[in-house]
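Participant: With the sequences and hints as input, model every part of the structure.
There are 2 protein chains.
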Amino acid sequence: MVRKPPELSANREISISEFFEKNRHILGFDSASKALFMIVKEAIDNSLDACEEHGILPEIEVGIERVQRDEFRITITDNGPGIDRIEVPNVFGKLLYGSRFHGMRQTRGQQGIGITAAVLYGQITTGQRSQVITKRTEDDVAYMFELGIDIKENRGQVFLEKPMIWDRDHGTSVSITARGKYQTGRQSIIEYLKETAAVNPNMDLTFTDPEEKRFVLKRVIEVPSRRSTAVKPYPLGLELGEIQQIVIATSAKNMSDFLSQEFSRISRKTAGEILVIAGIDEKRDPHSLAPEDIRLMMEAFRKVQIMAPPSDSLCPLGQEFIRKGLLNVYGELHPSFYSKPVMRPPAVHNGNPFSVECGIVYGGDLPADSQITIIRYANKVPLLFQPGACAITKAVSETDWRSYGLEQRSGSGIPFGPMMILVHVLGTRLPYTSESKEAIASVPEIVDEIKSALRIAGRSLKTYMNKKEKRAKVMEKFRIVRELVPAIATKTSLLLGEEKPDITGVIAKIANVILVTEKFATDGDGLTVTCQIYNYTTDVASITIIPDPPAGEISGQQRSWDISGIEPAGEAEFTFHLDNFQGKYDGTVYYFTGQDVTKVQGADPLPGDWDIRGPEMMEEESDAGN
Amino acid sequence: MVRKPPELSANREISISEFFEKNRHILGFDSASKALFMIVKEAIDNSLDACEEHGILPEIEVGIERVQRDEFRITITDNGPGIDRIEVPNVFGKLLYGSRFHGMRQTRGQQGIGITAAVLYGQITTGQRSQVITKRTEDDVAYMFELGIDIKENRGQVFLEKPMIWDRDHGTSVSITARGKYQTGRQSIIEYLKETAAVNPNMDLTFTDPEEKRFVLKRVIEVPSRRSTAVKPYPLGLELGEIQQIVIATSAKNMSDFLSQEFSRISRKTAGEILVIAGIDEKRDPHSLAPEDIRLMMEAFRKVQIMAPPSDSLCPLGQEFIRKGLLNVYGELHPSFYSKPVMRPPAVHNGNPFSVECGIVYGGDLPADSQITIIRYANKVPLLFQPGACAITKAVSETDWRSYGLEQRSGSGIPFGPMMILVHVLGTRLPYTSESKEAIASVPEIVDEIKSALRIAGRSLKTYMNKKEKRAKVMEKFRIVRELVPAIATKTSLLLGEEKPDITGVIAKIANVILVTEKFATDGDGLTVTCQIYNYTTDVASITIIPDPPAGEISGQQRSWDISGIEPAGEAEFTFHLDNFQGKYDGTVYYFTGQDVTKVQGADPLPGDWDIRGPEMMEEESDAGN
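As given, the protein sequences belong to chains A and B, one line each in that order. Sequential numbering of the first sequence, starting at 1, is according to our numbering. Sequential numbering of the second sequence, starting at 1, is according to our numbering.
No wet-lab data here; the hints were simulated from the structure. All residues carry an ideal CB built from backbone N, CA and C; glycine is no exception. Careful, some of the hints might be misleading.
With a straight-line Cα cutoff of 27 Å, these simulated BS3-like cross-link-like pairs (lysine-lysine) come out [what the hints assert, rightly or not]:
| id | chain 1 | residue 1 | chain 2 | residue 2 |
| --- | --- | --- | --- | --- |
| 1 | B | LYS152 | A | LYS232 |
| 2 | B | LYS232 | A | LYS152 |
| 3 | A | LYS303 | A | LYS462 |
| 4 | B | LYS152 | A | LYS253 |
| 5 | A | LYS509 | A | LYS519 |
| 6 | B | LYS232 | A | LYS303 |
Some chain B residues flagged as far from chain A (calculated, every beta-carbon gap over 10 Å) [stated by the list, open to error]:
| id | residue |
| --- | --- |
| 7 | ASN90 |
| 8 | THR184 |
| 9 | GLU239 |
| 10 | GLU273 |
| 11 | ILE480 |
Facilitator: Printed below as a string of structure tokens:
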């Protein structure tokens, strides 16, 4: 006979706040150094989402002040739309409360957890209340709150609320005091802000660190981000029980309305076809569907033609963003190759559309002897932690990079080589491995799509490697021709006692290159650089040159030079001035467009601008059969 | 002016069931093949916890039937104490409901999520209800339920409840129909069951797979597991806000009662000291404490002497379990070295006691060219997934194994070599990276303790390697002596024309080894093996030999042979019979005890039995200063 030992506690309900109080590492608060990072991240996610939804160009200020040795006050202020004062206690004080959970749209935040978790963490570690100031355009005044969380009840506790005058038309400021450790380095706040700025080039961001040092990241694009549109669930990939939930919630009175109103990509006509195949009367009340009926309907989904999920539910970074982002952050490493950004067409996991973008940079000063660097983004948020748990890392590890020219033990694992990969996974509901959203779960559909994107980027790297090999051969040929032909001419003319012939045309015919070089002279306030273009081809040549100087600023507005009509064996030059240039001059990097990449020596193809082919969405060739 | 775009949905509360319905990968349900595994695991965790709490020797039956191609019915039946019928809808149908969350005890389950998540997953993927049968000793009949989950309300929905006659005095059976994929291999159900059996040697487990193949894992120990005792929070490591929560909940009327009743390891005397240092009146009502008072009290905690956390709140596997577990599972690989299991003294993270155990096996048939295998356990549950996210993997990667004789690029990362490490982290509240409890979060205190345990095991491996090196030298010396000395004797006697002298004593004097070899002969129903022991030392030798034959069974009861009194240059032998031996004989492995390991050739020291030193709890030497 079994009796309950007396000390065992009885069954009890656990509030979600209690649960997260005891499991705060699940929310990303697993160490003092990560805590400050998480608070900044959650607040910025919210600010960017709110600005995006309302078509506002984001302006965000982040400040971290040291209150005690291991205690900081973190304040994030935005120019977002502001929050209705009656919502403030719920938004900041109630876990699992939000506006983005029930819709199907691509947003950074979704779960109604993040910022409340930050307030909770502050309260747990310091016992301090958080402060919120918010103002909407339609309100005459701003409101200031001091609030905390009633953990047993999972609700916001307001200790003070008062109207106040604030010098902005709209915006929100939240100030949380929390125990933490401020650090710099790879997984730091400043790194996160930089990576966030890279994919949000329309954001103005100011950061003041605990030493009161100010960092300013100015926007480089003046257009608000496109707001993603909400979509209905995509019928394929849904689970039977999920359709049951849709049945419970629908107000449709018959099956035809039900199918065409509750799912994306099902027209009235398609609905009719589905119902015929499933043997379900179109007049039938959807609420009467038994599991077996739903199963038949799901089988019918697979038998009719349903269009791919709508891509306007997704907001990719876009090729321009990825290119500029990579240039901004990694330009100083002078990579020799930037892949054209890859963007996969929308795919679906569990009825949720998602997509994958990626870009590669290779060569230059990137370290050749270490593992490649993987830069991960999910719905425009950089992922700095938990790489080992992430679908992106898994997909990179499971791709054989040896055929694209990288070193990789037995064709799996993170390869070695001078390369960085940026992968962005975007979707209306991304599966993260935990509430802290640090890694994307290895859902097979997602891993497969990432792999497809990587293979496309890998192939463009391979193409580049082949071209590079070809260019090296051209350069060698040119060197030989330039040295040998005149030597032969001189020798021959000497032997024959004749005058040395004009051999320029001959060199051009054999060399077949356009050579870009430069000369420079320092002056009082900088450096004057002259770029010289020699046409050693047999045709009249045109080229556009974009100088990328190592330091200083090019005077005036001109950033690119179109040189046209250089005769065979002819030359051209242009001059620019580098203001305030100081120190040793290492030479300007020249990019070019408008010429065959294999013909030009001394300048690099403009990153991302070549190898342009086909539509924006790239189908992987080998996937065509799917 | 900013206006809300019309399509945005309003703020709303999200039920925890809705949250997990949309985020089921967080619960471990991220692929069809893992789903079945998770259901089995959650049910077994509950069964083992319940048996442990009630002092029952667990008997568990697991059955998986295929219902459709990708749909299975999973049934887990235990002999646990049974569940009060009024609790059934909550236990199986309400997330965040349970008995183990509010106590501080080491248990497998804790959060009140696991089994409900399994029921939820079944419902989402198949629309089917789950079935529960349960009986307690004190009830006359069993009760059978058909139930599901009301997702919007997060509560159990009972469709059918009826009393029934069940042929057991107490127990619970749960049957869940779910979509899934049945697979074998490394991360499979059968692998999980084996690893679970390894650390629960008092469990009887029967498993019937979808092909109706039965696997039986019989218990090898007849003692119920020790139930962990509940403890109060340990004062050091608690956050200020956590102490605030204890203040809110306490019924103590004065500070002296508060401190001595609500925390572990604070006596009335210590409480007095703390209050003097903090400058708080011992008569003061704890409910009047301001954050600043709590901070002073926390500083005082650090200034007084507080004993280490009580170790009876923790249930380690124990040395015997780890040794038997490793032998059971890895014996067939004949590792040449088993480390003595390491058990660290209790440490604390956030007021929660925890500890680390580990064991190493090395050599034998373990693959020498691959990365070492890491076997992870948390509170006696094997962790098969998410190694890259786990504190155990992190600790192994951050340990420099080169000094212990393994290959490791630049002293970090998973090392290469013929080694397996078993690490068990146990505690009253382990921080997992997500609700699926697949990986332990990298909380610095825990990572540090694992590293300390690994270093102790690493040093014992190093000691072994040194001994092995010494043995190799001895063996070489012995070979030389055995061949050279007689050759010299023969040559010399020939040269001198004298009779060859008896050189046995000379060999012994130089060789100084005990040699174990064997000879064998097949017979009608097996093999007769004779083990021979030569004493090439200068002393009378005694040794105990334990044969471990490759196949067949040793006739009779005798498993070890004590051989004593072998004179110098003498020999001894014993014979045993291997019943039913068939096929090619590879030779028996001999283990020995009772002799210096460096002196014996041809036999291995009995695993785990040597290098015994000091107390059960091992302080790391270099940590002595802490």
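Participant: All hints, please: hold or fail.
Facilitator: Each hint tested on the structure:
With a CA separation close to 19 Å, the supplied pair LYS152(B) and LYS232(A) stays within the 27 Å bound. The suggested pairing of LYS232(B) with LYS152(A) holds, with an alpha-carbon distance near 19 Å, which does not exceed 27 Å. Distance hint between LYS303(A) and LYS462(A) is unfulfilled; the C-alpha atoms sit about 39 Å from each other, more than 27 Å. Between the alpha carbons of LYS152(B) and LYS253(A) the distance comes to roughly 21 Å, so the proposed pair stays at or under 27 Å and holds.
About 26 Å separates the Cα atoms of LYS509(A) and LYS519(A), which keeps this hinted pair within 27 Å; it holds. Of the supplied pair hints, the one linking LYS232(B) and LYS303(A) is violated, its CA atoms being roughly 60 Å apart against a limit of 27 Å. Consistency note on ASN90(B): stated as away from chain A, yet its beta-carbon is not over 10 Å from all of that chain's, at 6 Å minimum. Interface exclusion of THR184(B) from chain A stands, the closest Cβ pair being 18 Å apart, more than 10 Å.
In this structure GLU239(B) is not separated from chain A by more than 10 Å, as the shortest Cβ-Cβ distance comes to only about 5 Å. At roughly 23 Å, the least C-beta separation between GLU273(B) and chain A is larger than 10 Å, which holds for a residue marked as non-interface. Non-interface status of ILE480(B) relative to chain A is upheld: no Cβ of that chain comes within 10 Å, the nearest being about 41 Å off.
Comparing the model with each earlier hint shows violations of hints 3, 6, 7, 9; every other hint is respected.
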